[in-house]
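Protein chains in written order, with the working numbering: chain A, 1471 to 1748; chain B, 1471 to 1748.
Derived by calculation from the structure, the hints in this document are not laboratory data. Don't take every hint at face value.
The list cannot tell twin chains apart, which means a pair is met if one copy fits it or any two copies do.
Unchecked claim - In silico lysine-lysine, DSS-like type, Cα no more than 25 Å apart, as pairs:
hint, residue 1, residue 2
1, K1737, K1672
2, K1505, K1609
3, K1482, K1672
4, K1564, K1597
5, K1597, K1525
6, K1563, K1525
7, K1638, K1597
8, K1563, K1597
9, K1505, K1612
10, K1612, K1597
Each chain is listed here by its residues.
Number of protein chains: 2
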Amino acid sequence: MNELELVDQLRKMSGRSRRGVIRGIGDDCAVFRPKTGEDLLLKTDQLIEAVHFPKSMPPETIGERALARALSDIAAAGGDPRCCLVALAVPRKKSEQWILAFFRGLLGLAGRTGTVLAGGDLAHDDKVHCSVMVVGASKRGKALTRAGARPGDRLYVSGKLGKPWDQKIEPRLALGRRLSGKATACIDLSDGLSLDLHRLCKESRVAAQLEYVPIVRGASLERALHGGEDYELLFTLPPHVKPLAGTTRIGAIVRGNAGTVWFEGEKLPPRGYDHFAG
Amino acid sequence: MNELELVDQLRKMSGRSRRGVIRGIGDDCAVFRPKTGEDLLLKTDQLIEAVHFPKSMPPETIGERALARALSDIAAAGGDPRCCLVALAVPRKKSEQWILAFFRGLLGLAGRTGTVLAGGDLAHDDKVHCSVMVVGASKRGKALTRAGARPGDRLYVSGKLGKPWDQKIEPRLALGRRLSGKATACIDLSDGLSLDLHRLCKESRVAAQLEYVPIVRGASLERALHGGEDYELLFTLPPHVKPLAGTTRIGAIVRGNAGTVWFEGEKLPPRGYDHFAG
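If we strip away everything but chain A, and leave its shape as in the complex, we get:
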């Protein structure tokens, strides 16, 4: 199978659903028609063999995970996914069946979340390297950001923290949409509670008091605080807004130096996963 045949096959697999995609796989660019009154949310994320996943991970799982990570950011912005582009490099010895299995995994999640595979780029490299770019949509001016938390807001998280790093990712898209127009700030927990809460506070120019950490069975507090790969939503609600089902109140936003997180009477260092920590 050469590239033209592979692209033809992917075009067939990606199906007919449009979601604003006027022209998809098979041209120089994909063409997307936005709806009036919507802002678009853009996110790119990398998934690299031996960095983000082991060589032994099945291609279906890699494909699903690559899309899921980017969708988690769309969820954090309160958005609705529309389409994605996928840049994939694979070793020359991988069969076309491997590539098709990768896309089957990715397209399974794409189908469940209404995300159209609109295009991409294929190359050969020494190991598997994937970048997924997702386009989502939200009502004009309603995208959730990290920047709106205010002292007095209450801090919540979905689910429990400290999951095994290879647990299936379920992007919290339904919750994100419910938070749109309610939450003052939101971020997805990809790099660990301590680092991601620090980021939210820094962008909002506030501090936080962390009071409680919901931990998955068998995980340590250390892992729940700093482990990353949870893909839950961390968000803030003003005091008058009722908590949402399935979420846990874990603290409050307070005045203080931008980015400071207090926990058990001490400053919590932002020690989550930082690719570029010196």
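Following the hints, put chain B in place on chain A, whose structure we already have.
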């Protein structure tokens, strides 16, 4: 410098120009506000060390080239670039100065073409691996595609072919915009005339008669036909449309099997650069 500091630095370097980017670097998603009556053009492209460029290439050149390749596809769609996302993986031993130099190169071209750096993702890997995603815009329904060429149309190319593979890429954005509403089909020559003309003809369900190949000084006909990395535009105009300055007529669209290209009395095999040719 850790990731937070590096991202802060990139945010400063990316400047204040908006181009519809309501929220850029530093949040889970970038937020982009489309203009009414516009379609968006989406393109992603990979640039990999030891595959697309040698280890010795300076970071500024890699950064510029990574963006230029994606902008060439926006040009082929007759679009106007708006913003880009950059997923970059670099070896741990590269300094932050290397990364900042990469982005200086990229942002130089971004500034000249009105492309805002709206976000991205940084990771460590064994070697440099970059994916750039560009969002462009065109008037609703006016995006050029590969699919509209008709028998009787004339075939044109910008510039001359067979360039050295590492020549500076000048995306033909001004030409692309002039072609919008005039050309019946357009593609950028990234993989070689023989393969890209085959693709244009296949999508348009027509054949082509290639009559003349403009060759850069010192290059062979073989290289001009099959070499790739030219980043010129190949396009078709109906017979009544006047040729555009700086472009060369190289043949005509004819009836025939979809994708067939005739040259010097024989079928020209699509032999350009195909990452996945068996």
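Mind listing which of the numbered hints don't hold for this structure, in increasing order?
-> Failing hint: just 10.
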